[in-house]
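Top line first, the protein sequences correspond to chains A and E. Each residue of the first sequence is one higher than the one before, starting from 1 at the first, in the working numbering. Each residue of the second sequence is one higher than the one before, starting from 1 at the first, in the working numbering.
It is worth saying that the hints were derived from the structure and are not from the lab. Ideal Cβ positions, reconstructed from N, Cα and C, are used throughout, including at glycine.
If you want the ones that stay clear, here's a sample from chain E, every Cβ over 12 angstroms from chain A, calculated: (1) Ala16; (2) Gly23; (3) Leu110; (4) Leu114; (5) Arg160; (6) Val204.
Just a few of them, taken from the derived set where beta-carbon distance is under 10 angstroms, the chain E residues facing chain A: (7) Gly39; (8) Cys214; (9) Gln237.
What follows is a set of in silico ranges between Cβ atoms, one per label pair, in the way DEER data are often shown: (10) Ala154/E <-> Val400/A: 25 to 35 angstroms; (11) Val182/A <-> Arg153/E: 33 to 43 angstroms; (12) Pro124/E <-> Val400/A: 47 to 57 angstroms; (13) Leu87/E <-> Glu514/A: 17 to 27 angstroms; (14) Arg153/E <-> Ala81/A: 14 to 24 angstroms; (15) Leu60/A <-> Ala91/E: 46 to 56 angstroms; (16) Leu87/E <-> Pro22/A: 22 to 32 angstroms; (17) Ala38/E <-> Ala81/A: 24 to 34 angstroms.
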Amino acid sequence: MITRWLLRRLARSVDDRLRTAPVVRRVLAAVFPDHWSFMLGEIALYSFVVLVLTGVFLTLFFAPSTADTVYTGAYAPLDGARTSAAYASTVRLSFDIRAGLLMRQSHHWAALLFVGAIVLHLLRIFFTGAFRRPREMNWLIGVTMLALALFNGFTGYSIPDDLLSGTGLRILYSVTQSIPLVGEWLVFLAAGGEFPTDEMVPRMFVSHVLLVPAVLAALIAIHLGILIRQKHSQFPGPGRTENNVVGSLFWPSYTVRTLALFAWVLAVTFALGGLAQINPVWIYGPFDPAQATSPAQPDWYVAWGDGALRLFPAVEFRIFGQLVPSPFLPGVVFGGLTFAGLYLWPFLDRRHGRDRLAHQLLDPPRAHPARLGFGVAVLALFAVLLAAAADDVIATILRVPVLDVLAILRVLALALPVPAGVTAYLVARALRANGGRGVGDLTRADVRSAGRLVCVGSPVGGAPTGIGTPEGTAEPVDADRVELWRDRTGLWRWRYRGASVSLTANRAYPSRAEAERAARTAYGDLSVWEVAPPGGRPGAPAAVAARAGRAAGRVGGYLALAAVAFWRARRDRRR
Amino acid sequence: MTGRDAPDRRERPASAIAAAAFGVSVLGAAGFAAVYAAGGQTQLEGLTLAVAFAGIAFGLSVWARRLLPTGGYVEEHEPFDSRPTDLRLAAEALTGPESPVRRRGLLTMLALALGALGGAALFPLRSLLPFDRVRPVHALRTTPWAAGVRLVRADGTPVRPADVPDGSVLTVFPEGHRDRGDVPAFAVRLDPARFTVPPSGGEVAGVVVHSLLCTHAGCPVALYLQGTARVLCPCHQSTFDLLAGARPIAGPASRALPGLPITVDADGYLVATGDFTAPPGAGFWSLK
Numbered sequence: 001m002i003t004r005w006l007l008r009r010l011a012r013s014v015d016d017r018l019r020t021a022p023v024v025r026r027v028l029a030a031v032f033p034d035h036w037s038f039m040l041g042e043i044a045l046y047s048f049v050v051l052v053l054t055g056v057f058l059t060l061f062f063a064p065s066t067a068d069t070v071y072t073g074a075y076a077p078l079d080g081a082r083t084s085a086a087y088a089s090t091v092r093l094s095f096d097i098r099a100g101l102l103m104r105q106s107h108h109w110a111a112l113l114f115v116g117a118i119v120l121h122l123l124r125i126f127f128t129g130a131f132r133r134p135r136e137m138n139w140l141i142g143v144t145m146l147a148l149a150l151f152n153g154f155t156g157y158s159i160p161d162d163l164l165s166g167t168g169l170r171i172l173y174s175v176t177q178s179i180p181l182v183g184e185w186l187v188f189l190a191a192g193g194e195f196p197t198d199e200m201v202p203r204m205f206v207s208h209v210l211l212v213p214a215v216l217a218a219l220i221a222i223h224l225g226i227l228i229r230q231k232h233s234q235f236p237g238p239g240r241t242e243n244n245v246v247g248s249l250f251w252p253s254y255t256v257r258t259l260a261l262f263a264w265v266l267a268v269t270f271a272l273g274g275l276a277q278i279n280p281v282w283i284y285g286p287f288d289p290a291q292a293t294s295p296a297q298p299d300w301y302v303a304w305g306d307g308a309l310r311l312f313p314a315v316e317f318r319i320f321g322q323l324v325p326s327p328f329l330p331g332v333v334f335g336g337l338t339f340a341g342l343y344l345w346p347f348l349d350r351r352h353g354r355d356r357l358a359h360q361l362l363d364p365p366r367a368h369p370a371r372l373g374f375g376v377a378v379l380a381l382f383a384v385l386l387a388a389a390a391d392d393v394i395a396t397i398l399r400v401p402v403l404d405v406l407a408i409l410r411v412l413a414l415a416l417p418v419p420a421g422v423t424a425y426l427v428a429r430a431l432r433a434n435g436g437r438g439v440g441d442l443t444r445a446d447v448r449s450a451g452r453l454v455c456v457g458s459p460v461g462g463a464p465t466g467i468g469t470p471e472g473t474a475e476p477v478d479a480d481r482v483e484l485w486r487d488r489t490g491l492w493r494w495r496y497r498g499a500s501v502s503l504t505a506n507r508a509y510p511s512r513a514e515a516e517r518a519a520r521t522a523y524g525d526l527s528v529w530e531v532a533p534p535g536g537r538p539g540a541p542a543a544v545a546a547r548a549g550r551a552a553g554r555v556g557g558y559l560a561l562a563a564v565a566f567w568r569a570r571r572d573r574r575r
Numbered sequence: 001m002t003g004r005d006a007p008d009r010r011e012r013p014a015s016a017i018a019a020a021a022f023g024v025s026v027l028g029a030a031g032f033a034a035v036y037a038a039g040g041q042t043q044l045e046g047l048t049l050a051v052a053f054a055g056i057a058f059g060l061s062v063w064a065r066r067l068l069p070t071g072g073y074v075e076e077h078e079p080f081d082s083r084p085t086d087l088r089l090a091a092e093a094l095t096g097p098e099s100p101v102r103r104r105g106l107l108t109m110l111a112l113a114l115g116a117l118g119g120a121a122l123f124p125l126r127s128l129l130p131f132d133r134v135r136p137v138h139a140l141r142t143t144p145w146a147a148g149v150r151l152v153r154a155d156g157t158p159v160r161p162a163d164v165p166d167g168s169v170l171t172v173f174p175e176g177h178r179d180r181g182d183v184p185a186f187a188v189r190l191d192p193a194r195f196t197v198p199p200s201g202g203e204v205a206g207v208v209v210h211s212l213l214c215t216h217a218g219c220p221v222a223l224y225l226q227g228t229a230r231v232l233c234p235c236h237q238s239t240f241d242l243l244a245g246a247r248p249i250a251g252p253a254s255r256a257l258p259g260l261p262i263t264v265d266a267d268g269y270l271v272a273t274g275d276f277t278a279p280p281g282a283g284f285w286s287l288k
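All chains, please: the whole structure from these sequences, using the hints.
This is the structure in C-alpha cells:
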C-alpha cells in the first residue's frame with residue numbers, strides 16, 4: 001500500500017516536470033510476440049551486462065604491462081617465478097584475491113555465452129527473414145557487434161600474456177602481416193614493432209576495456225532504439241497481420257519474464273564460473289616466444305578461423321615478385337568474405353527474391369527454400385572448420401595420424417556443404433508444397449503458443465478462463481471482425497475476434513475515433529462492430545477489496561506522514 | 001484486472017512457489033557472504049551465487065508464467081511511410097532559403113577544410129610505431145644472429161656440438177638476445193648419410209640448426225618426430241622434413257624452415273657464421 005502510494009507520488013512529481021505519462025503509458029503497453037527465439041538477443045544483452053560487471057572487478061586487480069615481475073603468492077609452482085606483470089597479476093587474481101577466480105572464470109564463460117547468443121540470434125534473424133526491410137539497418141549494426149565481440153573476446157584472452165594466448169596472438173599477427181602491400185606496416189603500427197612487443201598488452205587492454213566496450217554499448221543502445229521504434233516482427237498466425245504485433249504486454253508480463261532471464265543468465269554464468277574451470281593460465285605458463293602448448297585450441301568463436309588456417313592447402317604465390325603468404329587466403333580473404341557476406345546479405349536476398357516490401361510477418365524457414373539451403377550449406381562448412389580447429393584432439397582421441405584427420409576434413413569441407421544445402425532446400429520445398437508440418441518446422445513452437453492463446457485468451461464458445469483478458473460469453477462469429485466498446489470509465493477499447501482467437505487491444509483510447517483508427521491500422525478494412533462491454537461480471541468482491549486496499553494505503557500514508565512530522569517536531573525541539 | 005486483489009485457487013500455490021524460490025535466493029546470498037567471510041572457496045562461491053540468482057530467476061519465471069497473462073494482446077503497427085505533406089514540409093525546412101545547404105561555395109570550402117584536418121589527423125597514427133624503431137621490412141628480414149654469435153641454451157650457457165642430444169631437439173638462442181621473438185632456433189643431431197638435401201645452414205658433426213618458427217604463422221615447431229626426423233607445428237600441423245633441407249611436406253606451410261649457418265669457435269662452442277638463410281617465421285609482402 002505504502003509502496004503504491006510512494007510510487008504514485010514519485011511518478012506524479014516526475015511527470016510534473018517532464019510530462020512522461022503519455023510515453024510511459026505507451027511503453028508499458030507495448031506488445032511483445034510470444035516466441036522463445038525472440039529471447040536470444042536478450043541473452044546476449046544480459047551476458048554483456050555480466051561482462052561489464054565482472055570485468056570492472058577484474059580491472060581493479062589486473063596489471064596491463066609486460067614489465068618483469070616476480071610472482072609471490074599462494075600458487076606454489078610459480079612462487080618466486082619471474083614473469084610479466086600481466087601474467088603475475090592474473091595468477092594473483094586467480095589464487096590470492098578472494099572471489100577473484102570466480103570473477104575471472106565467470107567473465108570468460110560470459111564471453112563465450114555472449115558470442116554464442118549473438119550467433120544464435122543472428123541465425124534466427126537469418127532463417128526467418130527478419131533482416132528484410134525495414135530492419136536492414138539493425139542487421140548491419142548486429143553484424144558489426146558480432147565482429148566487435150569476436151575481436152574483444154580475442155584481446156580479452158590474449159592480455160593475460162600466457163603461453164596459449166601468446167601463440168594465438170602470434171598467429172593473428174602473422175595473418176595480418178600476410179596482407180599484401182600494407183600488412184607489414186599494419187602489424188607494426190598495431191603492435192609497435194616486431195612480435196612480441198611491450199606495447200601489445202597495454203594497447204589490447206585499452207581496446208578491451210574501453211574502446212570496444214564503449215562502441216558496443218553505443219551500438220546496443222542504437223540497436224534497441226531502432227527495435228523500439230520499429231517494434232517486433234512476428235511469426236504468421238491467426239489475427240496477425242503486417243500491421244500489428246500480437247503477444248503479451250511489456251508491463252507486467254515481459255518485464256517479469258525478461259528480469260527472470262537476466263537472473264538465469266547470471267545464475268548460469270556464476271555456476272559455470274565457480275564449477276567449471278576455464279583458461280587455467282597457471283597451467284599453460286607465461287608466454288615464451290620459443291615455446292608452444294600442444295594441443296592448442298582457441299576459444300570456439302575464433303576456432304572457425306583457426307580451422308580454416310589448418311585446412312587450407314599450402315598456397316603461396318608472388319605478385320610482381322612480392323610474396324602473398326599462405327595465411328592470406330584462409331585467414332584474411334576467407335574471414336573478409338564471411339563478414340562481407342553477412343553485411344551484404346539483406347541486399348543480396350532482396351535482389352534474389354525481388355522483394356522490396358516492408359515486412360512485419362516473418363518467414364517460417366521453409367517458406368524460403370533457397371535461403372534455407374544456402375544457410376545450411378554455410379553452417380555445414382563452418383561446422384567442418386570448427387572440427388578442423390580440433391583436428392589434433394580428434395586424432396589423439398581416435399588414435400589415428402593427425403594428417404589423416406586433416407585429409408578427411410579437407411574432403412568434408414568441400415563435399416559436405418553442397419549436399420547439406422541441397423537436402424535442406426528439397427525438404428523445405430516438400431514441406432512448402434504439401435503444407436505439412438514436420439521436419440525443420442520452426443513454427444511448431446508457434447503452434448504451441450497459438451494453442452496457449454486458445455486456452456488463455458477467450459476461446460470462441462468455450463468457458464472463459466483467462467487472466468487479464470476481457471471475459472465475455474463470446475457467441476460464435478461468422479467472420480473475423482473488430483469489436484469496439486465503451487467501458488465503464490468512459491474509455492474506448494477494441495478487440496479482434498477471429499475464428500480461433502480473440503485479441504485485446506493493448507491500450508484504452510479517450511475517443512471512439514482514436515480507437516477505431518488503431519483498429520483499422522491493425523486490421524485494415526475488417527468490419528468494425530460497436531458492442532456492449534464484454535465481461536458482464538462486475539467483480540464486486542475484487543472492487544471491494546481494492547477499495548479497502550486503497551483506504552488502507554491512504555491510512556498507511558497518513559500514518560507515515562504523521563510519523564515524519566512527529567520526528568521533525570522532536571528534532572526541532574531538541575535544537 | 002482480475003485476480004490481483006482476490007487470489008484464486010490456481011494462483012495461490014504459484015505465489016507460494018515463487019515466494020519459496022525468493023527465500024532460497026536469500027539463503028544463497030547469505031551462503032555466498034558466509035563462504036566469502038570464511039576465507040573464500042571458488043566452487044562454493046560460484047554455487048551459492050548461482051543459487052541466489054537461480055532462486056530469483058525461478059521465482060520470477062513462475063510469477064511470469066502462472067500469475068501474469070500470456071498472449072492475447074494486439075498492438076497496431078503503423079507503416080513507416082510518412083504522409084506526403086510531412087515529407088514535403090521536412091524537405092522544405094531542410095532546404096529552405098536560409099538553409100546552409102544552398103551555400104554551395106561555402107560548403108565546398110568547409111568540406112575542404114574538414115577533409116584537410118581529417119587527413120592531418122591521420123599523421124599522429126604513425127607514432128604508434130616509434131621513430132627510433134627499425135622499419136618493418138628491415139626488422140622482419142633481419143635477426144640478431146650474425147657471424148661469431150654464440151648459440152646458447154635458454155639459461156644462457158653456450159653449446160658444444162656434443163651437447164646436442166641424440167633423441168631430441170635443443171632450443172638455442174643468440175647470446176644476449178634471449179627474449180627477441182624472431183631468434184629461437186633448434187639444434188638437432190642427424191646422421192649426415194641420411195640427408196636427401198643438404199641442410200641450408202650446413203652441419204657440424206651431424207648437428208644442424210634451423211629457425212624454430214613455422215613459416216606458416218610463426219608458431220614454434222615444438223614437436224620432434226625422432227624416427228622420421230621431422231618437426232611438427234602444434235598450431236596448424238605443418239610438418240617439415242629435416243633430412244630434406246627442412247622442406248614442408250604436409251600442412252599449410254609452403255616455405256622451408258630457414259637454416260642457421262654454424263661453425264665451432266676456438267673454445268669448441270657452436271657459433272653462427274651469419275643470419276638465418278631466409279627471414280624466419282611467417283611470410284610477408286617484401287620477403288625475397
